[in-house]
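Asks: Here is what each chain is made of, one letter per residue.
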Amino acid sequence: AQKVTQAQTEISVVEKEDVTLDCVYETRDTTYYLFWYKQPPSGELVFLIRRNSFDEQNEISGRYSWNFQKSTSSFNFTITASQVVDSAVYFCALSGTGAGSYQLTFGKGTKLSVIP
Amino acid sequence: DVKVTQSSRYLVKRTGEKVFLECVQDMDHENMFWYRQDPGLGLRLIYFSYDVKMKEKGDIPEGYSVSREKKERFSLILESASTNQTSMYLCASSPTAYQPQHFGDGTRLSIL
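The listed protein sequences derive, respectively, from chains A and B.
Using our numbering, read the first sequence as starting at 26 and increasing by one per residue.
Using our numbering, read the second sequence as starting at 2 and increasing by one per residue.
FYI, nobody ran anything at the bench for these hints, they're computed from the structure.
Any given hint could be a false lead.
Claimed, not checked - Incomplete in silico selection of chain A near chain B, CB under 10 angstroms:
#: 1; residue: Tyr62
#: 2; residue: Ile74
#: 3; residue: Gln108
Where is the CB? At the ideal position from N, CA and C, for every residue including glycine.
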């Protein structure tokens, strides 16, 4: 069975602070994919990144960066110099490549509030 | 850009009614999905479809059915709505397995 744990339910930061959202996953598949999605107050989930299990390079996109560590089964997301527009619920998700590979297993989400 | 369109943003129905939620995608994606989202529970998969007329149960299919008669359209049906089906319903599509899913805006359904 697959599982994604986002231990932080809610985080509040002051604008311009850096913030890291944690994601820990469990899977028996040797090949798998990890995702992050953003859900702003408007409700639509927006895809941010996909990472496969063979690519452990960290990725940076503007103020966003992702740290994938297979040894600790973690795929953490850092926002640098946070802005009010970053306020949203962020979901980490996992897709295996075995049975049920069409499915995404989502964590329960972390609600980020950026205070001006 | 991929567009996934859900027919209603807000919907109010009564207990016992048959409810249809419609979803249309415009990118010729093979796979379509229905989730419900509840506070503290995240997103849970109800049903998905990997081809026309094909469907698979997700984690919480009880009380729901689906229909996919055309590739671009995936309908979620509440056979006899109950108050515990009050929720946010999200439709998604993806081109193949392992690819990112693209989501609609969601339908906030209230069953009275």
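Asks: None of the hints should be skipped; say for each whether it holds.
Replies: Hint check results:
Of the supplied interface hints, the one on Tyr62(A) holds, with its beta-carbon coming within about 8 angstroms of a beta-carbon of chain B, less than 10 angstroms. At its closest, the beta carbon of Ile74(A) sits 9 angstroms from a beta carbon of chain B; the interface hint therefore holds under the 10 angstroms criterion. Annotation: Gln108(A) was flagged as interfacial toward chain B, and the flag is violated, the nearest CB pair being 23 angstroms apart, outside 10 angstroms.
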